[in-house]
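Undergrad: Here our numbering is used: the sequence shown runs in plain steps of one and ends on residue 1353.
The set of hints was computed from the structure by calculation and includes no laboratory data.
All of these numbers come straight from a predicted model, not from anything done at the bench.
Some clues are possibly wrong.
To be verified - Now the in silico label distances, taken between C-beta atoms and shown as ranges:
| id | residue 1 | residue 2 | range |
| --- | --- | --- | --- |
| 1 | D1224 | G1307 | 18 to 24 Å |
| 2 | H1216 | S1245 | 30 to 36 Å |
| 3 | K1263 | S1212 | 31 to 37 Å |
| 4 | D1308 | P1329 | 35 to 41 Å |
| 5 | N1231 | L1327 | 28 to 34 Å |
| 6 | P1305 | L1206 | 29 to 35 Å |
| 7 | G1292 | R1220 | 31 to 37 Å |
| 8 | A1340 | V1250 | 14 to 20 Å |
| 9 | E1276 | P1329 | 30 to 36 Å |
| 10 | P1293 | H1216 | 37 to 43 Å |
| 11 | D1224 | P1321 | 32 to 38 Å |
| 12 | D1308 | V1331 | 21 to 27 Å |
For each residue, glycine too, the CB sits at the ideal point set by N, CA and C.
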Amino acid sequence: MALIDFTVSHQFHAPSRAVWDEMIDWPNHAKWIPATRMEVDSSDYQVEGATFTGYTGLWKLALVDRMRISAIEWDEATALGSCEVEKLGPVLRGRAGFDVSPHGDGSNVDWFEQVTVPYLPKLLAPIVSKLSALGFAFGMRRLAKIVEKR
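Could you build the full structure based on these sequences and the hints that come with them?
TA: In structure tokens form, the structure reads like this:
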């Protein structure tokens, strides 16, 4: 079993609320997270306890990533947002989340993942962590193009 642990930060030239709204729009993650589609389990998918599933990969070769929101909070007065999800398996178990905060004329996102992968040798964990971080960094750049057009 290997621990995949990484953090990705990105600065956006867009208000934190615009970035937050896009990040908690789970079905639309496919627009900016590479090779991923999302299915939500209810129409009220932006609240604590809501569940959804991500499928990352191509065709039938997809990693199934079931998640439940364990904490979600947006503070309008400070323009700060925080969301954490519990990874429920079947492959990834652990937690992930992000914080959105104002930064100058724009905003900043810090995204983290701390998950275990049962069949991955520990020796490969640093490589998979780095590749995962690169994938999320690419996704943040794609998200920036979406929110900065508005």
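Undergrad: For every hint, state whether the structure bears it out.
TA: Taking the hints in turn, this is what the structure says about them:
{"no.": "1", "hint": "D1224 / G1307: 18 to 24 Å", "in the structure": "20 Å, holds"}
{"no.": "2", "hint": "H1216 / S1245: 30 to 36 Å", "in the structure": "33 Å, holds"}
{"no.": "3", "hint": "K1263 / S1212: 31 to 37 Å", "in the structure": "34 Å, holds"}
{"no.": "4", "hint": "D1308 / P1329: 35 to 41 Å", "in the structure": "36 Å, holds"}
{"no.": "5", "hint": "N1231 / L1327: 28 to 34 Å", "in the structure": "31 Å, holds"}
{"no.": "6", "hint": "P1305 / L1206: 29 to 35 Å", "in the structure": "32 Å, holds"}
{"no.": "7", "hint": "G1292 / R1220: 31 to 37 Å", "in the structure": "33 Å, holds"}
{"no.": "8", "hint": "A1340 / V1250: 14 to 20 Å", "in the structure": "28 Å, violated"}
{"no.": "9", "hint": "E1276 / P1329: 30 to 36 Å", "in the structure": "32 Å, holds"}
{"no.": "10", "hint": "P1293 / H1216: 37 to 43 Å", "in the structure": "38 Å, holds"}
{"no.": "11", "hint": "D1224 / P1321: 32 to 38 Å", "in the structure": "35 Å, holds"}
{"no.": "12", "hint": "D1308 / V1331: 21 to 27 Å", "in the structure": "36 Å, violated"}
The structure is inconsistent with the numbered hints 8, 12, although it conforms to all the rest.
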